[in-house]
Every structure is written in structure tokens, then in C-alpha cells.
Amino acid sequence: MRRFSWFNATSLALGLAFLYLPILILVVYSFNESRLVTVWGGFSTKWYGELFRNEQFLEAAWVTLRVALVSATVATVLGTLAAYALVRAGRFRGRTLFSGMIYAPLVMPEVITGLSLLLLFISIGMDRGIVTITLAHITFGMCFASVVVSSRLVAFDASLEEAACDLGCTPVQAFFSVTLPVITPAIVAAWLLAFTLSLDDLVIASFTSGPGATTLPMKIYSQVRLGVTPEINALSTLLIGVVALGVVAASLAGKRMEGRADP
Amino acid sequence: MTAPFAPWADPAASPLIEIRDVTKRFGAFEAVKSLSLNIYEREFFAILGPSGCGKTTLMRMLAGFETPSEGAILLDGEDLSPVPPAKRPVNMMFQSYALFPHLTVEKNIAFGLKREGTPSGEIAERVTDIMRLVQLTDFARRKPDQLSGGQRQRVALARALVKRPRLLLLDEPLGALDKKLRQETQFELMNIQETLGTTFVIVTHDQEEAMTVSSRIAVMRAGELAQVATPADLYERPESRFVADFIGEVTILEGRVSGADAVGATLSAMEGAPDLRVATDTLPPLGETAWLALRPETVTITPDRPEGADNALPGTVLDIAYLGNLSTYHVALADGRVVKAQESNRFGANRRGITWEDAVWVSWEEDAGVLLQA
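Protein chains in written order, with the numbering used here: chain A, 1 to 263; chain B, 1 to 374.
What the hints contain is simulated information worked out from the structure, not anything from laboratory work.
A couple of the hints might just be wrong.
[Stated by the list, open to error] Capping the alpha-carbon separation at 27 Å, the derived lysine-lysine pairs in BS3-like fashion look like this:
no., chain 1, residue 1, chain 2, residue 2
1, B, K114, B, K87
2, B, K87, A, K255
3, B, K143, B, K107
4, B, K143, B, K114
5, B, K87, B, K107
6, A, K255, B, K114
As the structure is a computational prediction, the values presented were derived from the model and not from experiment.
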């Protein structure tokens, strides 16, 4: 048993405060009656109402949601395939290069990813808009997805697939009846991660968007430059809620995955 | 009295599995070298060898996960090579058990039958029967991670057996269990094999396990067969030093063949000592190097020179291993070579009155040991 110590308690409290106090303040002020962001004028949910009457915000939210849904789904499929190839195909020519290239965008500054994608879209003459944002999000979402899925695949006992073949499955049937159900929690976690990342992204979206395709983070950013309104607080609170849900769901999926990893 | 089960000795019997000149190469490495072997219906056949001897590769070729580079494997006289693992009447119990973690015990066992398209009523019946046989009925709805090691082992066995394969392969089936459980499970396996009459091929590096369960053992060494024989023949009549040494405890004395007559040979093994007398059927060429393999239990240890023993050599006690029921004495001969002698402790180890550093005699009869030429 570890004993309670004031030092530990204080540092924990300070750390948590540092991380969550700003968010807490934002959430509190989203329920502020007053138009002035920093002056408390009583509890109200009117800014949420305002928000849902604001066409621009709603449209940006719709764009963001569509981008996130499509990009997370495509990124998860591609990331799973990449992970499967990297973990299972054994040593093929260029394997190290391939795995390095998959992981590179994880450490690449977003500005550079965004800029290079922008240059690519310009050079192939692609009109920038919701499609280009989605493509860009697939690109970086896929890296995260493949990392999550491959960590599960590495722990996966390859003799499970052989056992399935031994019991009468073709390799394809073995994949769908054994491998896929076992790695499903990892795939779900990968999807949620890609979805959340896409929802959050400002930098890459700014580089790759065009007229008529404004995502929510971009909208917020441009609004804030004109001054913070309580509406923004309300919107941010909702976003925090969605992201937090995504993270919790992803970690729950991860927990289930760990439970199953035990042979 | 029934005749002993020995189809391998019957020239009219046709084997279930015929392995013909099979070679398996991985790149430049030959894992299995031109190996031929027959396995008969209802046999409990063990493939035994140190790790890396090619035994697992051989088994994976039987299952269909590897294809021979050369040669053929026949089942009932038909070539198995074009048949994928899914279509072979061969099932395997994996070393890791490879239970499907997302399925219950029941569904794990039913998996193979569902794939075959067996009617669901029959599936339920066969699954229930096999679960009763391996005593898993109470665990039908558990997931593999809620089972003990021994229970998982039984699920794996049931899952492979429920398809009623012609041949069941077991890859180190008891390796993950502790010693006590392993011994119990060995007998369970033998009972199940006898009940069902399925041909079992077990791959193991544990010689005790192979000796206990099997009708015949193939000892493998570096991709080749060292010897194929019944457990008793393997122990009592090894054909090489490798086999003698691999199975059980042994003392091997090197010498030169100094004479031969109708009943045996003499081996000059030590200067200044009389030649050793060995009974043997195959007379070795005179003057060649040969080895005498002596099991410790055939060697007697006495404080004084024994009267009338065929072979006796003096030495000093180097070590005593007290095993409870037995004591093994390591006796150093005049030239430093060590002979092991084992005595039963029926009347107590202390009554023998032999202790460390004592001068003693080791002796054995001429038919106690085996003369080896390889």
C-alpha cells in the first residue's frame, strides 16, 4: 500500500488543474447568460440555442462530420491492410522501407504534411474542397490506424489461422471467421482514433480546403480572430464532449482487446 | 491372450501414412533429409528429437502447412501433396492450443463441423459426446481465457478429434502443463486414443513422454531418422550412441574389438584391465573401435571384487545421487572415465554402506550392455 502524501496530492492537483482548468472555464462560460465572455451573468443555455440557429456553424459541422466519417472509414480499411501486410507477409523486398514510410507522417510536422499535400493537389490540378480535405485526412489517419492494428496483430497467435485452416477453412475464410473477430476491437479503436483526429484537425484542413469547404475547427479559428463569443464556447463544449466520448470509447475497445490478448 | 499390437512387424499390413524419401529445404538448409517412414492405423506414434531436428517440419508436412521439396506423403496409398490442409482427413492439436478466443468452448469444438456443413443436430450430438469424453461438459459456455491450462489442452484435443480425422497430430501437447498434470494427462491421452482408435502422431522433445504414451518412437537427429522402434527396443537395444544417450541414462565405454566368438565379442577398453565381454548378435570387425552402452540399473556396485561376475572394474565413488526409490552412483575408473551404477533403495540406501571416495567395484553381466558400432 502506498501512503497518502501531501506532496503527491498537491502535484497531482496542480497537474490536473493545469490540464483541465482552461477547459473547465470554457465549459462554465458556455452556460453564461452575459454576452461578455469573461463576465458571469447567470446560468443560461441560450448560446446553445443561438448556435443551432447559426447556419454557418451548422454547415461547417456537417462538412467536418462528413469528412471525419469518410476519412476514418477509408483510413481504417487501408491502415488494417497495411498492418496486415507488414506483420504477416514476412520479409518481402522493401519491407523496412514500407514500414518506415507508413510511420513517417506520425512524426512529420502537420504544416509540412499540409503544405506538401497542397502542392500535390495544385500540381495535379485538383480543385480544393471537401474531397481534398478528406483525402488529406485519409493519409494521416491511415498511419495511426495501421499503428493501432499492427500492435494487435503482433500479439495475435498466427497458429490461430492455421488452426482454422486445419479445421476446414480456406485462408480467406480463416481471416473472416477468426482473424477479423479477434482484431475487431483494435479496428474499432483505430477508427475512433482516426475519426477524432479528423474532427480536431485545423492545420492540414486549412492547407487543403477550398472555397465552400470550411471545417468546424477552421470556422472556430476564423471566428476567434474577430473576438471570442459565448457561441464559440458553446460549440467548443460540444466538440469536447464528442472528442471525449470518442477517446473513452477507443480506450474501452482497447481494454477489451487487451483482455483478449491473453492467450 | 491376445496378440500384441505390432502391425509394423506384419509384412502384409499396409500403412496408413507412408512417408517416401521426403526432403524439405528452407533455402539452403535441409530441415528433413530424404526421410522414409510408415505409420500404421491405430498407432500412437511419437516423433522424438532435440529442438531443431526437423520433427516439427515433418509434422507440418503431414498437416499440409508445408509441402515437401522432394518425395511424397501418402495416406491410404494416395498422394497427399495436392490436398490443402482444410481438405485433409488430418487434424492437428497445436502447441499453443490455438483456441479461438472469441468463441466459447462449445463453439470452438463445433467450428470444424460447421465448416464441413454437418447438420446442426449432428453437430450438437457430436460436440456433446466429445465434451463428455474429455470432461468439459461443465465448461461448455466458457471462453478460453476463463479456463486453466489443462482445460484448454482438452478443448484443443476435443476440437481436433470431433472431426474424426484419420490421423491426429499433436505438437508438444503437454509442454505447457506442470509435471503432475502432464503425467495424468498422458494416461488420459492414451485412454482416449484407445477408446476412439484414431491414429495419433505426437511430436515431442520429452523422451519420458514419448516412452509413456507411444507404441513406436522415431528418434530424429538433424533431419534424419536415428532409429524407429518400440519404447522397450529403443531403450534396451539402441543402435547408436546418439539414441542410447538420448533415451534415458547411460554409460558409454569406448574400446577396440579384440576378439569375437559365437556368443559375443571382447572389447579392450582399458589398459591393464581384462577385456570386457559383451553378448552380441552382430559381430563387429576385429580391431575396430566400438562402444559399450551400459544402463545404470544393470551395473552392480560392491565394496569388494564380486565373485563370478562377467565383467568387473575397480574405481572410486565420485558422486551419489539419491533419488528416493533409487540411488545412482558415479564411479570413476582408474583412467578417469565414469561408470554409472544404480541400486534400488528397497532396503534403505544407508544399509549398503558405500559413501563418497570409497574404493568400490562395478560389475555387470555380459548380456547387460549393448555393443554399438556408431
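Quick rundown of the hints versus the structure:
About 14 Å separates the Cα atoms of K114/B and K87/B, which keeps this hinted pair within 27 Å; it holds. Proximity of K87/B to K255/A is assessed by CA-CA distance (about 37 Å); at most 27 Å being required, the pair is judged violated. Simply put, K143/B and K107/B have alpha-carbon atoms about 9 Å apart, close enough for the 27 Å limit, and the pair holds. Between K143/B and K114/B the alpha-carbon distance is near 18 Å, which keeps this suggested pair within the 27 Å criterion.
Pair hint K87/B plus K107/B holds up; C-alpha atoms about 20 Å apart against a cutoff of 27 Å. Taken as a hint, the K255/A and K114/B pair is broken in the structure, with Cα atoms around 30 Å apart against an allowance of 27 Å.
Hint violations for this structure: numbers 2, 6, all remaining hints satisfied.
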